[in-house]
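Visitor: Chain residues, written in single-letter form:
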Amino acid sequence: MLEPVRASYRTGKSLMWNRVNDLPDFVYFDHSIHINKGVGCNTCHGPVDRMPLMFNYASLQMEFCLDCHRDAAKYLRPRDQVFNMRYQQPSGAQPVIYNGKEYKDQLSLGTDLVKEYKLRTVADITSCSTCHR
Amino acid sequence: MKTQDQGGKREEVCPGKKGKLDFEAARAQVTGTTGPQFWRSLEELAGSPEFTEMMHREFPKGASEWLDDVSRRGFLKLMGASLALAGMTACTKQPLESIVPYVEQPENVVPGKPLFYATAFTLSGYATPVLVESHMFRPTKIEGNDKHPASQGGTDIFAQASILQMYDPDRSQTATYLGEVRTYANFIEAIEPVVNEQKAKQGIGLRILTQTISSPTQADQLRAILKVFPQAKWHVYEPINRDNVMEGAKLAFGEPVETQYKLDAADVIVALDADFLYAGFPGNTRYIRDFANRRPRFRQDEPVVRGGKRRQRNRRESRSSLADACGGR
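So the protein lines, in turn, are chains V and F. Per my numbering, numbering through the first sequence is continuous, rising by one, with the last residue being 140. Per my numbering, numbering through the second sequence is continuous, rising by one, with the last residue being 339.
Don't take every hint at face value.
Distance windows between CB atoms, simulated [unchecked claim]:
| id | chain 1 | residue 1 | chain 2 | residue 2 | range |
| --- | --- | --- | --- | --- | --- |
| 1 | F | Y177 | V | D32 | 38 to 44 Å |
| 2 | F | L219 | V | M61 | 56 to 62 Å |
| 3 | V | S21 | F | D230 | 35 to 41 Å |
Residues from chain V that keep clear of chain F, each with C-beta distances beyond 10 Å, as calculated [unchecked claim]:
| id | residue |
| --- | --- |
| 4 | W24 |
| 5 | R26 |
| 6 | D29 |
| 7 | L30 |
| 8 | F36 |
| 9 | I40 |
| 10 | H41 |
| 11 | T50 |
| 12 | H76 |
| 13 | M92 |
| 14 | Y94 |
| 15 | S98 |
| 16 | D131 |
Derived by calculation from the structure, the hints in this document are not laboratory data. Every residue, glycine too, gets a C-beta built ideally from N, C-alpha and C.
Go ahead and model the full structure; you've got the sequences and the hints to work with.
Guide: Given below as structure tokens:
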């Protein structure tokens with residue numbers, strides 16, 4: 008299975024990977040801000056740990072991004088859970104404990120996280136020049 | 011002329027001769043006016059009805075009918091329709107891009123993080139130490155090298171602009187022959203018979219023209235060439251040069267020497283046609299820093315008393331006419 012990698016090492020030719028999650032070139036996207044503000048990996052990339060072959064989980068069209076930018080409380084999660092592929096949003100049956108407080112639904116957790124992680128206002132992050140620089 | 015009914019209003023689809031812009035008349039009208047008036051074209055300034063007519067024609071027919079306030083959203087919707095027809099949307103699947111990693115990653119490279127290289131920018135043979143910010147080996151920004159005493163973090167405009175030399179479209183990327191791309195091997199092939207011919211003649215027909223070379227290695231290489239071709243000549247030409255400065259040095263010191271100034275030790279500076287603060291003056295980045303360090307610093311906690319005796323502060327300059335003396339040409 009790893010023969011292409013070995014062949015690449017032998018011949019010195021790079022492996023050409025097909026880009027799956029791709030945004031148009033006129034869009035500016037920075038991963039670091041999303042990771043630091045509590046957007047989980049599988050929120051946008053889907054359950055990659057269970058993908059034998061990578062596929063597009065989200066459409067990555069502008070409406071997909073705006074959906075969260077307009078109300079981040081719907082999707083935020085604690086920073087230490089960002090890389091957790093099996094993270095579930097808090098529910099009555101499975102509450103999430105953050106900062107000593109127990110949360111039973113996403114909106115209350117999200118609202119607190121928005122304040123705690125100092126997200127900018129909705130007007131700020133939905134302004135055109137945020138992404139179309 | 012064809013006309014078309016549009017909600018009760020007759021509108022001309024194909025604009026005829028009348029109503030066309032008369033540029034000469036518009037220009038004549040404009041030349042009479044004065045004052046700062048911001049306008050995009052002569053006709054707009056002239057405010058002629060013909061221009062308004064032309065503006066209408068620019069947009070889809072429906073827009074001309076929009077007589078009341080056009081909401082931005084509505085306008086974009088309309089424009090969006092025509093743009094979509096032109097095929098400029100990103101709604102469809104993105105064209106296939108590849109991610110191509112290094113097989114052997116060069117050391118210290120983290121994709122996405124810039125690397126800074128300490129190097130020198132030369133102008134007429136004078137070198138200014140700079141730091142070049144390089145993204146994946148593409149130089150993007152030049153800043154001064156703050157660890158180097160000759161730069162101390164500063165650059166002049168020529169150093170800043172030199173980044174564009176890398177991306178100058180007129181700069182030849184390959185060897186060319188009569189405008190056609192050739193390899194370097196082709197160049198060697200072409201030049202070899204000429205060189206061999208000259209070797210036999212001791213290089214009597216060979217002339218080398220360069221700009222000021224201050225690199226010891228390059229000078230060495232050229233001297234080695236001259237050893238092989240003793241009769242050849244090496245010409246150095248610099249259009250904006252310091253030949254007069256060298257002449258002056260010869261008068262003052264008997265030999266052409268490069269003078270370096272210790273401006274931090276100067277109380278008064280008289281500069282005659284030697285603007286050491288200006289870009290291109292050798293060492294100006296150092297001189298600017300030294301000059302600035304000598305100026306009196308106004309501390310925030312000490313109030314400046316106006317119209318009275320100033321409090322005695324530790325002033326390192328005896329005369330504030332320093333600025334005047336230095337600006338004099």
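Visitor: Take the hints in turn and mark each one as holding or not.
Guide: Quick rundown of the hints versus the structure:
1. Y177/F x D32/V: 38 to 44 Å: violated (19 Å)
2. L219/F x M61/V: 56 to 62 Å: Hint holds: Cβ distance 58 Å, inside 56 to 62 Å.
3. S21/V x D230/F: 35 to 41 Å: holds (39 Å)
4. W24: violated (4 Å)
5. R26: Contrary to the label, R26/V does not stay out of reach of chain F, its closest Cβ about 4 Å off (not over 10 Å).
6. D29: violated (5 Å)
7. L30: violated (7 Å)
8. F36: holds (12 Å)
9. I40: About 14 Å separates I40/V from the closest Cβ of chain F, which puts it past 10 Å; holds.
10. H41: The assertion about H41/V holds, with a minimum of 15 Å to chain F.
11. T50: holds (20 Å)
12. H76: holds (17 Å)
13. M92: holds (21 Å)
14. Y94: holds (26 Å)
15. S98: Non-interface label on S98/V holds, nearest chain F Cβ at 35 Å vs cutoff 10 Å.
16. D131: Fine: 19 Å to the nearest Cβ keeps D131/V off the interface.
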